[in-house]
Structures are given as structure tokens and as C-alpha cells.
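Note that the protein sequences, when read in sequence, are chains A and B.
Sequential numbering of the first sequence, starting at 7, is according to this note's numbering.
Sequential numbering of the second sequence, starting at 7, is according to this note's numbering.
Don't take each hint at face value.
Repeated chains share a single entry, so a pair holds when one copy, or any two copies, can fit it.
With a straight-line cut-off of 30 Å between C-alpha atoms, the simulated DSS-like cross-links for lysine-lysine are [as the list claims (entries may be wrong)]: (1) 347 - 174; (2) 270 - 23; (3) 165 - 268; (4) 336 - 270; (5) 363 - 191; (6) 174 - 336; (7) 268 - 347; (8) 336 - 268; (9) 191 - 16; (10) 150 - 347; (11) 174 - 363; (12) 153 - 363; (13) 270 - 165; (14) 363 - 16; (15) 270 - 347; (16) 16 - 153; (17) 153 - 270; (18) 268 - 153; (19) 165 - 337; (20) 270 - 337; (21) 16 - 336; (22) 174 - 268; (23) 268 - 337; (24) 268 - 23; (25) 150 - 191; (26) 16 - 68; (27) 23 - 68; (28) 336 - 363.
Honestly, the hints are just simulated from the structure, not real lab data.
There are 2 protein chains.
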Amino acid sequence: MEYAEILLGKGGGETDKQVYRFLDHGQRDVALRFDLTVPFARFMAAHYHQLPLPFKRYHMAKVWRGENTQRGRYREFIQIDFDIVAVDSTSADFEIMTVMAESMRALGIEAFRVHFSHRQLFNELLETMDLAGEYLPVLRTIDKLKKIGAAEVEAQLEKRIGEQPARKILDFIIPEDTNRQTLEKLSSALPQDSPAVARLQSILGCIEECSLDTLLLLDPSITRGLDYYTGVVFETFLNEAADIGSVCSGGRYNDLASLYTKEKLPGVGASIGLDRLVSALEDLQVPGSQKTAPDVLILLLDEPLLGIYHNLGRSLRSSGVSAEIYPSTKKIAAQLRYAEKRGIPLAIFFGQNEMEKNIYNLRDLRLRQNYDNLTFQDLLERISALLHPPQDR
Amino acid sequence: MEYAEILLGKGGGETDKQVYRFLDHGQRDVALRFDLTVPFARFMAAHYHQLPLPFKRYHMAKVWRGENTQRGRYREFIQIDFDIVAVDSTSADFEIMTVMAESMRALGIEAFRVHFSHRQLFNELLETMDLAGEYLPVLRTIDKLKKIGAAEVEAQLEKRIGEQPARKILDFIIPEDTNRQTLEKLSSALPQDSPAVARLQSILGCIEECSLDTLLLLDPSITRGLDYYTGVVFETFLNEAADIGSVCSGGRYNDLASLYTKEKLPGVGASIGLDRLVSALEDLQVPGSQKTAPDVLILLLDEPLLGIYHNLGRSLRSSGVSAEIYPSTKKIAAQLRYAEKRGIPLAIFFGQNEMEKNIYNLRDLRLRQNYDNLTFQDLLERISALLHPPQDR
Numbered sequence: 007m008e009y010a011e012i013l014l015g016k017g018g019g020e021t022d023k024q025v026y027r028f029l030d031h032g033q034r035d036v037a038l039r040f041d042l043t044v045p046f047a048r049f050m051a052a053h054y055h056q057l058p059l060p061f062k063r064y065h066m067a068k069v070w071r072g073e074n075t076q077r078g079r080y081r082e083f084i085q086i087d088f089d090i091v092a093v094d095s096t097s098a099d100f101e102i103m104t105v106m107a108e109s110m111r112a113l114g115i116e117a118f119r120v121h122f123s124h125r126q127l128f129n130e131l132l133e134t135m136d137l138a139g140e141y142l143p144v145l146r147t148i149d150k151l152k153k154i155g156a157a158e159v160e161a162q163l164e165k166r167i168g169e170q171p172a173r174k175i176l177d178f179i180i181p182e183d184t185n186r187q188t189l190e191k192l193s194s195a196l197p198q199d200s201p202a203v204a205r206l207q208s209i210l211g212c213i214e215e216c217s218l219d220t221l222l223l224l225d226p227s228i229t230r231g232l233d234y235y236t237g238v239v240f241e242t243f244l245n246e247a248a249d250i251g252s253v254c255s256g257g258r259y260n261d262l263a264s265l266y267t268k269e270k271l272p273g274v275g276a277s278i279g280l281d282r283l284v285s286a287l288e289d290l291q292v293p294g295s296q297k298t299a300p301d302v303l304i305l306l307l308d309e310p311l312l313g314i315y316h317n318l319g320r321s322l323r324s325s326g327v328s329a330e331i332y333p334s335t336k337k338i339a340a341q342l343r344y345a346e347k348r349g350i351p352l353a354i355f356f357g358q359n360e361m362e363k364n365i366y367n368l369r370d371l372r373l374r375q376n377y378d379n380l381t382f383q384d385l386l387e388r389i390s391a392l393l394h395p396p397q398d399r
Numbered sequence: 007m008e009y010a011e012i013l014l015g016k017g018g019g020e021t022d023k024q025v026y027r028f029l030d031h032g033q034r035d036v037a038l039r040f041d042l043t044v045p046f047a048r049f050m051a052a053h054y055h056q057l058p059l060p061f062k063r064y065h066m067a068k069v070w071r072g073e074n075t076q077r078g079r080y081r082e083f084i085q086i087d088f089d090i091v092a093v094d095s096t097s098a099d100f101e102i103m104t105v106m107a108e109s110m111r112a113l114g115i116e117a118f119r120v121h122f123s124h125r126q127l128f129n130e131l132l133e134t135m136d137l138a139g140e141y142l143p144v145l146r147t148i149d150k151l152k153k154i155g156a157a158e159v160e161a162q163l164e165k166r167i168g169e170q171p172a173r174k175i176l177d178f179i180i181p182e183d184t185n186r187q188t189l190e191k192l193s194s195a196l197p198q199d200s201p202a203v204a205r206l207q208s209i210l211g212c213i214e215e216c217s218l219d220t221l222l223l224l225d226p227s228i229t230r231g232l233d234y235y236t237g238v239v240f241e242t243f244l245n246e247a248a249d250i251g252s253v254c255s256g257g258r259y260n261d262l263a264s265l266y267t268k269e270k271l272p273g274v275g276a277s278i279g280l281d282r283l284v285s286a287l288e289d290l291q292v293p294g295s296q297k298t299a300p301d302v303l304i305l306l307l308d309e310p311l312l313g314i315y316h317n318l319g320r321s322l323r324s325s326g327v328s329a330e331i332y333p334s335t336k337k338i339a340a341q342l343r344y345a346e347k348r349g350i351p352l353a354i355f356f357g358q359n360e361m362e363k364n365i366y367n368l369r370d371l372r373l374r375q376n377y378d379n380l381t382f383q384d385l386l387e388r389i390s391a392l393l394h395p396p397q398d399r
């Protein structure tokens, strides 16, 4: 929650209309965050003099937008932001791009691409074409490419600026076969001293050095609409769910907190829309989105042994085995049904007899195979062998 | 955010007054969560038939309460809830208590105690004293013990129920030297078949078996005021910051979701008030609350080597060394000042010369000691040795 005056007028008229705003119990005019960038700007303005600069931060939190819900669009959702501020450099741009790519990989997603471009390309291109005045309408039209397709974008551009220029812009924005070829095309269409091309060139160098060519795609059609970006811009598409839109977007801005401080804070960052991403992963049945379960269920066979079961659970956990104790003395069949429903692969049978002999009985519930009369050390080794069979190692 | 009707009337009149409530853009009557239990009840009522029961969940999220702020009390704060529902058993009670204790330990806190009791003790005690009708006022008074002290509680009880009964209740609620002694006292004051004593007895068995006597304290003065608890109740105090109040509280309730479903869902759970806990840890200067920094700063000495620096960072990270690349070509002195301000212990000096010879120069910024001309393997070993000197292993 923020004071309304902090949030309003910061994201353009569209976001103002979507802000949830109300009077609190002390009649203060307050509102719920619609993104994490505006609160970050307020934070930076208040604290930049105490922070080591350049400053890096990540922030995962809910945001709210009073808009019409649809596939991939929610009124309440979680954003994951990461930014590097108080520096304008290739290194910072590239680092954010690697965080984007590595985040997707960490989630078990391999079939994705981070599309990137530079916001200044169009300023430069339109100037060479004597169309500088058409910047906003051209950008707005290109931004619709993924929604309405190349033919429709060309038709709309043609109507506005004529056939030849429309053709030229369309040639300009479609990526070539390789990042290098795309860069050469941009370079030949723009002035030799183009700062946008120079920045993209040096980003490409990093991409190649780190072998990220297949994941990071130079795509001049990326503009991020009318947002506040001034340098590189990024969007991330899942190969098999491109229709859901970008799941991680961002770019470089030249002044984060100009509304709150005179200190100039250029930065670069991106944001994952977590709910949209999770929804796409569920559709795609990416394994990481499956339910999780402990390795072992310790059956509660004998109520007086409860403390011993819990102590066994603690010993297993401290040996790196996640273990759960069934929490009541139901029939064994019911306890095993619970294990199956949870997807727990192994169960430990341990009662008065086993305690007296100091042994453990283990059952692999997947293969319905028993391993009986194990010492604690044997139990640990057997669990490890069953959970990580040799071919997996 | 929830529909207001879901939240209101669920936490007693006091919470209703604190709820942030407003009309959304579609004129729906909505409100912000004041805890995570009511939304959990709504969730369980809607989904219990699809879930493996007993069901365990944890939930970390913000909640809002429009109350007067003070030390340890906030209007916006994070709660961490964990519950086991659809079972009423010693095992579940004890598991929640171990999660409470292990959570504190995981945060680096050793000087704490989880105080626990059973809500039915007083019903049973007051019945033996023919004071069943005085249940609520007596409970309310005892709940103030940690705030106003034993003498004042006794005085207030005396005024209400007379000297002898007041004395008896006060004797009853003060813990003895050991959990066993406290239990014996309770046991002798209550009927032989007391279900509360039986449950506490079997919890004590688990505590002893798992050697948690020093962390889990049977304390009959714990009542959790007028909350909805019906069985065991818990509060957690930091030994050196008891005045801030309980940092993790909870208990057993006999029906989570009675307002939303006829399905009876008994459960047990607790909640960490994260902001209050962090504030206490900062006061106590617990090491875990200090700032974090990567192990290594790779200095950006030579802009054309940027890709190589980033690739080096990736190699270090995949070897388990956290590494950061300074994001611009400032003077070396400025880059080292940044490392110092961040508390980064090591820096890598790598320029055109080093690249040609395929070597790395490492500097320990704490001792101002250089390790030059290292191969990559030597670099890894040196970093490991400097970060984990033998006496730490």
C-alpha cells in the first residue's frame, strides 16, 4: 500500500484508471501498488545516498490492477522484478538479460527466447527517412506485430506513411537468420555512429562469448509500446505458448526516480509476471509445475512410539532425506492411500518388534517391493539408491 | 484481496474494525486480508475434496490491519502460516511445535522458547472449583500475565472470585522447574481422565524423545486470549526481547471452515509475524540479519573483455562461487570502494595481459593480500581456501 499521490500519474492514464484507491481509517488517501517499479523509485529517491551504487535489487510481491481479466491477465498477481540502477552500461544490460534466461532455465524451461532490441533504433531510422514526426504512431503500429501479423502492420503503416517507407520499416524489423545478420542489416540502415547499434554490437559480443545465441534473439520489432524505456528493451516468449504474451519483459530507462529526486538514476531491469508464467507452465505440463512430496512416509503403526517416529524423521531429515510422519493411527491401508495420493515413493514400517531389534522395514510404494530388517545405515543407503538410481547420477 | 463478506465477522469485532475495505472498479465490496487463516478456511472449504487429507500447507504473505502502529505492531506486515488440517492428533500438534522451533533455529536464533499449554485446562480446572461461569473473565485476566505481572493478575482475580481461588489459579499457571513437574502439578489439580492432561502428557513424551526440553516449555499461563483455539496453544518468546511479545503463535482449532462448509476440518497451526521478528533480530544484532554480498567482484578493467568477464562470472557461479562483475569501466579505486561498501571480500584482476597468458590475479580485500598468476583451477582453490579457512571447516 502506498499514498495515492505516490502511485498516480506515474504509469500513464491507463494505469491510473486501474489503481485500487481508497481512504484508510485515518482518512489518508491510499492505493495498492500496480507495479513494483514506482515503489522502487520512491525507495531509491529516499535511500540512494546510503546505498552502494550501482545498486542491484530483486523484489517479488503482489500487485493489483482493476482491469478486465482474461487469459494471462489478472487483477491480483505476483511480479518478480530485478534491476541494476545508477549505471548505464552494456554490462548491466547484458546481466539483466542473463538473469532473464537463467530464471527460465531454473524453472525447467528450455524452449523460450528472450527477444531484445534498442528503443533508439526507430528514432534513428525515422530520422534518416525524414519521418521523425511519425515516431509515436509508427511505434504503436509495430508494437502490434505479434498480435495482428506482418501483413496488417504493413497495411497500417502504408496508409500512414506510404508504400516505400512502410516496406522499408517492415524489412527493418523482421529478424534475419542470425543475430549477426540482423545487426548488419540494422547497421547498414542507420548512421555509422549510431549509439543504438554500438550498444547492440557490444551486447552481441557478450552473448557470443557466453554461448547464449540460441536463447537471446535480436528482434528489432520489440518496442515495449509507449513505456518509459530509452535503451535496450526485452520480451520473453515461450516457444509453445507465444500466444500468452511475454512472460518476462523490461528494458533500460534513463531516469528511475525523476519524480522524487533530482539525482539522476539510470537503470535497467525486467519483471516476470509469475501467474501468467505458471499458468503457461501448467498448460505445457512442464515438470517443475507438478506437485511435490517428501521422499519417505513414516507410518504411524504404534501410538506409544510417536516420539521415536518423530526422532526418526529428524534423523532422516538431517541426513538429507525429506520425511513425513503420518499424523494419526489410521489403518495401514488408509496411510498408504495417503502416500499414493501425495505421490510419496517410499514408506517406513517400524513397530514395537522392529524397535526391539533396532531394525527398519522399507517399502518402495512404486514397485511394491519390500526391503526388510535394515540397520539405520542400510536404510539411508537403500533410500538413496531407490531415489537416485545409478542411471540418474 | 477478498470479498468483504468472506473476511468480516470472522475474527471478532476488533478485527472487523481494522479491515481495509472499499468498492472496486466493478462496485464489488472488497477488503484486504487481515490474516491468512480466513482465506485458508475459504480455500479448504472449496478444495478439501480434491486434496490429500490430512493436508499440510504453508503460506507467506502480507496482511493489513488498520490499527495504531507501535513497536512490533504494523499496519502492513508479513505473516508466515503453517497448518495441518483434517486431523486431531498429538503427532500433528507436536509437528507444528517442531516447525516453530526449527524455524527459529534456521534463522540463527538459539535463545528462544516455545511456550505451550492446552486451552481446555481452564475449563477443567474451573469446573472442579465450581467456577465454570467465570471462564471468560478468568481467561482474559490470565492472558495479561506477561504484561501486568503475577501480583496484579492475582489482585484482579481476587476481586472477582475471592482470595483462595485466585491463589489456586495462580499456583496452577506458573511453570515449575521442569516440564514433567509442571505436568504433575496440572495432573493432580484436574480429574484423572482429563483429556487435556492426556494430550500434554503424550506431547511431553515426544519432546523428551527428540531432546527438545530446553526449547519447548509447558506454560499453563498461555491461553491465546479469546481466539478460536480449542486444544494446544503456543507462543514463542525471544529470551532477550520478550517485551516485543510473541514472534510465533498458534494452536489447535476444532473446525477451520465451519462458516463455509459442513465438512468438519479440525487443525493445528502457527504463524510467524515476520516484521516483528526481523525488528527484534535487528535490535539483537543476530548475524543472519546482516547484509549479504557475493564472494568475488570481477573488476571491469578492459571494456573489450566484457564478454569474457561475464563468462568468467558464469564459470565461477557454476563452481559454487558467487561472483559479480563491476558494471562499468570506472577507475580501479572506485570499483574497489564499491566492493568495500558492499562487503565483498575478494576481487579478480584480469586484463589483456592476463588473458594472453591465461592467468588470473586475485586480491583479498580484507587483508590487502595479492595472489597472482593463478590458473583457473588455482583460482578456484585459492578462493575456497580464503572463504573457508581450515578452522571454519
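Hint-by-hint comparison with the structure:
1. 347 - 174: neither (59 Å within a copy, 50 Å between copies)
2. 270 - 23: Result: close within a single copy only, 28 Å intra versus 43 Å inter.
3. 165 - 268: For residue 165 and residue 268, the Cα distance exceeds 30 Å both inside one copy (42 Å) and across copies (64 Å).
4. 336 - 270: between (65 Å within a copy, 17 Å between copies)
5. 363 - 191: neither (78 Å within a copy, 36 Å between copies)
6. 174 - 336: neither (74 Å within a copy, 40 Å between copies)
7. 268 - 347: For residue 268 and residue 347, only the inter-copy Cα distance (23 Å) is at most 30 Å; the intra-copy one is 59 Å.
8. 336 - 268: between (67 Å within a copy, 23 Å between copies)
9. 191 - 16: For residue 191 and residue 16, the Cα distance exceeds 30 Å both inside one copy (36 Å) and across copies (64 Å).
10. 150 - 347: neither (46 Å within a copy, 45 Å between copies)
11. 174 - 363: Neither: 84 Å inside a chain and 47 Å across chains, both beyond 30 Å.
12. 153 - 363: Classified as neither; 69 Å inside a copy, 51 Å across copies.
13. 270 - 165: neither (40 Å within a copy, 66 Å between copies)
14. 363 - 16: Result: close neither inside a copy nor across copies, 71 Å intra and 52 Å inter.
15. 270 - 347: Classified as between: cross-chain Cα gap 21 Å, same-chain 56 Å, threshold 30 Å.
16. 16 - 153: within (26 Å within a copy, 46 Å between copies)
17. 153 - 270: Classified as neither: same-chain Cα gap 36 Å, cross-chain 49 Å, threshold 30 Å.
18. 268 - 153: neither (39 Å within a copy, 48 Å between copies)
19. 165 - 337: Classified as neither: same-chain Cα gap 76 Å, cross-chain 52 Å, threshold 30 Å.
20. 270 - 337: So residue 270 and residue 337 pass the 30 Å test across copies only (20 Å; inside, 68 Å).
21. 16 - 336: neither (58 Å within a copy, 32 Å between copies)
22. 174 - 268: Intra 40 Å, inter 67 Å, cutoff 30 Å: neither.
23. 268 - 337: Classified as between; 25 Å across copies, 70 Å inside a copy.
24. 268 - 23: So residue 268 and residue 23 pass the 30 Å test inside one copy only (28 Å; across, 41 Å).
25. 150 - 191: within (22 Å within a copy, 76 Å between copies)
26. 16 - 68: both (18 Å within a copy, 24 Å between copies)
27. 23 - 68: Both: 18 Å inside a copy, 24 Å across copies.
28. 336 - 363: within (24 Å within a copy, 69 Å between copies)
In summary, the numbered hints that this structure violates are 1, 3, 5, 6, 9, 10, 11, 12, 13, 14, 17, 18, 19, 21, 22.
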